[in-house]
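Q: Just so you know, the sequences run in chain order A and B.
To convert, note that position 176 of the first sequence is 176 in the numbering used here; the numbers rise steadily by one, no gaps.
To convert, note that position 171 of the second sequence is 171 in the numbering used here; the numbers rise steadily by one, no gaps.
Keep in mind that the hints were calculated from the coordinates and are not lab data.
Take these hints with a grain of salt, some might be off.
[Said to hold, decoys possible] List of simulated lysine to any residue pairs, SDA-like, C-alpha gap at most 20 Å: (1) LYS198/A / SER110/B; (2) LYS301/A / ILE288/A; (3) LYS174/A / GLU154/B.
[Stated by the list, open to error] Partial chain B-side listing against chain A, Cβ under 10 Å, derived: (4) ALA25; (5) GLY51; (6) ARG107; (7) GLU117; (8) GLU146.
No experiment lies behind these values; they were computed from the predicted model shown.
Glycine residues also receive a C-beta, built at the ideal position from the N, C-alpha and C atoms.
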Amino acid sequence: MKLKGSYLAAAAATAVVVAFPAFLGAYPLAVARSIMTYMALAISWDMLLRSGQISFGIAGLFGLGSYASALAVLRGGMDPFTSILFASAFAAVMSMLLGLAILRLRAMYFSITTLALMEIFKIVIHNLHDFSGGPEGVVLPEPIFGGSAPALFWLCMAGLFMTIGVSWYFEKSKMHLALTAIRNDETSARSSGVDIFKYLLIAFVITSTLQGMMGAIQVQSYGFTTPDTAFDANFTLLPLAMALLGGIHSTIGPMAGAVLLGVASEWLKLKIPYGHLIVYGFIIILVILFMPQGLVGLARKTIRNGRTGVRHE
Amino acid sequence: MSKLSTSGLTKAFSGLVAVNAVSFAMEEGEILGIIGPNGAGKTTFIHLVSGILMPTSGSVTFKGQDITYAPAHKRSRLGIARTYQLIHPLENLKVIENVMIGAVFSRNRSLKEARRESMEICAELELDRLDRDTTQLSILEIKKMEIARALANEPEVLFLDEVMAGLNSDETKQMIAMIQRIARERRLAVGVVEHVMGVIRELTQRVIVLEAGELIAEGPYETVSKNPRVIEAYLGGAA
Ligand SMILES: Nc1ncnc2c1ncn2[C@@H]1O[C@H](COP(=O)(O)OP(=O)(O)OP(=O)(O)O)[C@@H](O)[C@H]1O
Ligand SMILES: [Mg+2]
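Just chain A, with the same shape it has in the complex (with noise of 0.2 Å):
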């Protein structure tokens, strides 16, 4: 009965938002769009946090995704569409190669090199001048579907609902059991058969070829991109905000931290254009003190406590 309530609430609001474009105009459309990108980074990169691991690379990831599509379309003369599946399957690759490397780290060591890579890969494309534009980035021919408003939010649409999936089957199959048990407990993990690499590993080229999709995405619908704005440090901080915010471990969570804390940036923005990301910072400080659960923990107590007329903690 409750099941059946919430797929059906899931079913209308899945239909509000395909049906946007038919009552929004231009501007709007953009402002969801961006919610979108950040939505679907948010839950990506609640994805990867479920097993433990904290990644800082999902910014290096995004403009990586970018650059692949971006290139692909400039030098290997790819139609823009074919650019997005390549970009995604190149940082499959990349984060197959990346994780074999790094997945042996674990904590604030993990954190610290996804960190490093972003920077890494900005500086390479900063460096490879005349193949990548450098710094001064590069121009396409023209955004994907002609620029039409309602195609490209669509299209990102798609790249979020995706993400949407896989993060709910990684809930709902084994994924869940194995990357909790490795968050709980790694010893207890291996010793119930969880092969922990394989999974992280897993868990670590999905979230990534998601996060570079996304960044494929983005700058074919723009039409240009350089290195500051690909690998802009904001695509790494303003999902972990959202997912904060929202709650983490969980879908609904980063979802609703997205919405609220997107519609509150646009806002911001236009309010104090430098100050926003001050706000972001104390969003992420309160959040961490005060309600580590985040809303949809809130919510779940508030609903619990309701429900039994027991207080809980």
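With chain A's structure known, arrange chain B with the ligands on it following the hints.
A: Here is chain B with the ligands on its own, set in the frame of chain A:
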């Protein structure tokens, strides 16, 4: 052929030799006691056999196959399961999921099959309300859950590292009966580490005694407990 054997198994921690040239064998269906004073190397020995630690030298053989350096997850698939001296609940998984992981990852079961099998195992161990969080369990229930998780691997050899610690005498009796039943019905070889000698006497057919990493005696509890070296080791440990 023995189920599980070691030959000259040794583990040194930067100078300290925790397990020193231990050779032993375990047969199908036997309950073996592993005893020795605190710090004797019992837990380290189980870590070596189950793949949680890799040995400095020596070898481990399971059903004729050399598994000295096989990773822990492979050994659990081959049929070696264990519990831990310090409890290891997976706190973000429900009780049933804690048990299921053994069936899912060691036996490659679907979630549905794993759930059904795990429910059977839990029923056998008289562990109920399986959709609880692990934080709601008593210490006895956590120990049962960890034994159930090990059994979900469908092991042929099972090590229990001080499962009775923290249990009262009724619970200990219940646990002894349970272990005997499990071992009999599944024809399991069980290695039991325990400090309470009454438990060892009642439960095991044979014991090995470790002291400072070395195997100093082996045989039925009644014989071993009269061995002067063993008495000395325990008195030495207590002094
Ligand atoms: N990771 C480690 N690094 C260094 N020394 C260790 C390590 N693990 C165990 N030891 C040492 O090895 C020796 C054997 O420890 P072990 O835990 O195997 O003993 P035990 O027989 O299980 O003792 P207890 O009855 O107290 O559980 C001890 O001296 C211990 O301090
Ligand atoms: Mg011990």
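Q: Does the structure break any of the earlier hints, and which numbers would those be?
A: 4 and 7
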